[in-house]
Amino acid sequence: MTRFQKNLLLGLFVMAVLSPMGILLPDKFGAGGAWGEWGPETIKGLLGYVPQGMARFSELWGAPLPDYSIKGLGESLAAQSGSYIISAVLGIILAGGLIYLISKLIIRHND
Amino acid sequence: MHIPDGYLSPQTYLPLYGVSVAFWSAAMRWIKKELSVRQIPYLAMSAAFSFLIMMFNVPIPGGTTGHAVGAGLIALLLGPWAAVIAVSVVLIIQALVFGDGGVTAIGANCFNMAVVAPFVSWWVFRLVRRGSEDKKRIYLAAFLAGYIGLVVAAAAAGAEFGIQPIIAKGADGLPLYAPYPLSVAVPAMVLEHMMAFGIVEGLVTAGVIGYFIKNEKGLVAALNR
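The listed protein sequences derive, respectively, from chains X and L.
According to this note's numbering, the first sequence is numbered sequentially starting from 1.
According to this note's numbering, the second sequence is numbered sequentially starting from 112.
In short, the hints are calculated from the structure, not lab data.
Zero decoy hints are in this set.
Think about it this way: if two alpha-carbon atoms lie no more than 30 angstroms apart in a straight line, the pair counts; the simulated DSSO-like pairs of lysine-lysine are:
no. : chain 1 : residue 1 : chain 2 : residue 2
1   : X       : LYS6      : L       : LYS247
2   : L       : LYS143    : X       : LYS104
3   : L       : LYS325    : X       : LYS104
4   : L       : LYS143    : X       : LYS6
5   : X       : LYS71     : X       : LYS28
6   : X       : LYS6      : L       : LYS246
7   : L       : LYS328    : X       : LYS104
8   : X       : LYS6      : L       : LYS144
9   : X       : LYS6      : L       : LYS325
10  : X       : LYS104    : L       : LYS144
11  : L       : LYS328    : X       : LYS6
Calculated from the model, a selection of chain L residues having no Cβ within reach of chain X, i.e. all distances over 10 angstroms:
no. : residue
12  : TYR128
13  : ALA137
14  : MET306
Here are a few chain X residues that face chain L, going by a calculated C-beta distance under 7 angstroms:
no. : residue
15  : GLY22
16  : PRO26
17  : LEU47
18  : GLN52
19  : GLY91
20  : ALA95
21  : ILE99
22  : TYR100
23  : ILE106
24  : ASP111
Beta carbons: idealized from backbone N, C-alpha and C, even for Gly.
Modelling step: build the complete structure from the supplied sequences, incorporating the hints.
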């Protein structure tokens, strides 16, 4: 690994540590979720009803770490921040690791 | 911009799966042919970067939140086809492990953020730079590449939301999936990305490209092709 690559990798882990900004800033500025990503309860509040297809499919997939949160750590902002950092590190390992494996398998030339 | 399950009808998400699969297969062939072993660490780190930058939710005070994607940056660094695979892998992990974006919508989300965004960014950079070596011109081109790439991706997502009430209604006449018409969904998605999240994408693109130019200029694909 070159010095430049080490610096980039260090930068990624700094980003992981800073990632709770992504929940603390929206909280501070009273911003809600993203447009078009509301859950069924929020949709009911917006429209007065939940579209049938949405009601049927919104819970289709049970992700192990929904919304980058780890169950059991609690709901406080501090606990959410901790979950966020763990998710960020997991993301580095999963995304970086998968791409590394895929490209190791298919890329063969050195120039 | 991560469309959840239940927002798109099968008539929308199935064809978009098809389009994304076609781009994945072409992108894998491109990577095998065009990238070298020494670029593997950068491709891997660029995917990690995209995952991380999407966690930085940017608030519009009292409004919605959104985030950069890093698709334009990866396109300029390693080529748009490399960005297709890097960002798609990230989006698939986000959907399966973190419930961010629907499993049925993986094709649509990959089309918007991993196909539209990087290719628009790549073309905008070339169009604005026009072969210039002037630093200011290159930074401006990189900013606009990230900015416009994300805004056009948001417009695509808005259009996918907006056609749902037209193509999928229940027996009672109410929409079955995403309820807002094109006249609401497209402006909502485009404006918030023009005013806030696209600017972040532009700054991230120009900033990191600048860091690469200072340290390892030879690595920046958009400057070499």
